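*Asks:* Sequence:
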Amino acid sequence: MCNPRKVMIHLTRSIEEAWRRSVEETAQFEENICETGRLSADIFLDKEMGQQSLVMLERVLSGEFDAIPAWDRDNSGNFIQNLDDAVIRYSPQSHVLQIEARLLENISAKASATQELCGFTVGEVATEVVKKYYDDGWGGRTKEKVEQEARQEADRRLDAAMEDLHREQNKDAFADAEKKAQKTAEKKAGEKLAKRITEARAAMREQLQLVLHSAVSTARYEMNTVIGETYRQTFLALVENNHGKVISDVKTGRVIEMELEL
Numbered sequence: 001m002c003n004p005r006k007v008m009i010h011l012t013r014s015i016e017e018a019w020r021r022s023v024e025e026t027a028q029f030e031e032n033i034c035e036t037g038r039l040s041a042d043i044f045l046d047k048e049m050g051q052q053s054l055v056m057l058e059r060v061l062s063g064e065f066d067a068i069p070a071w072d073r074d075n076s077g078n079f080i081q082n083l084d085d086a087v088i089r090y091s092p093q094s095h096v097l098q099i100e101a102r103l104l105e106n107i108s109a110k111a112s113a114t115q116e117l118c119g120f121t122v123g124e125v126a127t128e129v130v131k132k133y134y135d136d137g138w139g140g141r142t143k144e145k146v147e148q149e150a151r152q153e154a155d156r157r158l159d160a161a162m163e164d165l166h167r168e169q170n171k172d173a174f175a176d177a178e179k180k181a182q183k184t185a186e187k188k189a190g191e192k193l194a195k196r197i198t199e200a201r202a203a204m205r206e207q208l209q210l211v212l213h214s215a216v217s218t219a220r221y222e223m224n225t226v227i228g229e230t231y232r233q234t235f236l237a238l239v240e241n242n243h244g245k246v247i248s249d250v251k252t253g254r255v256i257e258m259e260l261e262l
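At position 176 of the sequence shown the residue is numbered 176 (the numbering used here), and the sequence of numbers has no breaks.
Source of the hints: derived by calculation from the structure; they are not laboratory data.
Hints may be right or wrong, so weigh each one.
Claimed, not checked - No more than 16 Å apart at the CA atoms, straight line, and that leaves these computed lysine to aspartate or glutamate pairs for EDC-like: (1) K110 x E186; (2) K188 x D42; (3) K132 x E149; (4) K6 x E186; (5) K179 x E58; (6) K188 x E206; (7) K187 x E25; (8) K180 x E259; (9) K145 x D135; (10) K171 x E116; (11) K131 x E105; (12) K6 x E147; (13) K192 x D66; (14) K110 x E31; (15) K131 x E144; (16) K6 x E128; (17) K110 x E191; (18) K132 x E105; (19) K195 x E30; (20) K183 x E24; (21) K195 x E105; (22) K132 x E144; (23) K131 x D155; (24) K179 x E105; (25) K131 x E147; (26) K245 x E222; (27) K251 x E116.
All of these numbers come straight from a predicted model, not from anything done at the bench.
Let's have the full structure, built from the sequences with the hints guiding it.
*Replies:* Below is the structure:
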């Protein structure tokens, strides 16, 4: 390797031209959407066993008895049980049981628009590029290769300088064209987003039907277990309050067998 030598490319270009071109702008919007589906049923325990059964149901859901783990409660005092894709909600105030499923999705849309503009530019631009090479071509840096690289870079810089001059002398025209292109792009993106949201909501509603249908059997099992324990604890409380006797109390799976004496 010997001492490096320099290649210098200096380009100058005079401009006096009318021109026409297009500018492009892009807009992108996104929105989070939510669809909720619910199935509701009234709990009529009080009609079969009196008001005390509804009170006992709350005690069971609160986890007072070992057979049933406590359900969560929300800020409104409702009891909550999470399933895989849905939620069971029981309201102590209205005695209504709900199965609720909710789907969330992020929808986005992107669009571009172009706007033509014309202008007139007068002036001169110049650029200079300096690069190094070696007489022995060390590192592949031969004079021919470096001259080619320097000229290509100088051409790119000169084109960029011309573009800057066009924009500098025609600021208002560029700003107006970019504003119009942006407005059109936003309109197109907004329309595309609205269409996608409509399509997504329709698909989400169909999916909610499947989710709720699947959740019904799980919710039924959960509530049958809870109500079975509520019946059991209500009977035990009645026996105790009436000085009766529990002869047998056997639970096998979901089946409760009791023999009571009042």
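*Asks:* Next, verify each hint and record whether it holds.
*Replies:* So, going through the hints one by one against the coordinates:
1. K110 x E186: Holds, because 9 Å separates the two Cα atoms, which is no more than 16 Å.
2. K188 x D42: It is violated: about 48 Å lies between the C-alpha atoms, which goes past 16 Å.
3. K132 x E149: holds, 11 Å
4. K6 x E186: Violated. K6 to E186 sits at ~50 Å, over the 16 Å cutoff.
5. K179 x E58: Status violated; Cα separation ~62 Å.
6. K188 x E206: violated, 28 Å
7. K187 x E25: holds, 12 Å
8. K180 x E259: violated, 84 Å
9. K145 x D135: holds, 12 Å
10. K171 x E116: Holds, because 14 Å separates the two Cα atoms, which is no more than 16 Å.
11. K131 x E105: With Cα atoms ~54 Å apart, K131 and E105 exceed 16 Å; violated.
12. K6 x E147: Distance of about 9 Å is within 16 Å: holds.
13. K192 x D66: violated, 55 Å
14. K110 x E31: holds, 12 Å
15. K131 x E144: holds, 12 Å
16. K6 x E128: holds, 13 Å
17. K110 x E191: holds, 10 Å
18. K132 x E105: violated, 56 Å
19. K195 x E30: holds, 12 Å
20. K183 x E24: holds, 11 Å
21. K195 x E105: holds, 15 Å
22. K132 x E144: holds, 11 Å
23. K131 x D155: Distance of about 14 Å is within 16 Å: holds.
24. K179 x E105: Answer violated: K179 to E105 is near 31 Å, above 16 Å.
25. K131 x E147: Status holds; Cα separation ~8 Å.
26. K245 x E222: violated, 29 Å
27. K251 x E116: violated, 81 Å
Checked against the numbered hints above, the structure breaks hints 2, 4, 5, 6, 8, 11, 13, 18, 24, 26, 27 and satisfies the rest.
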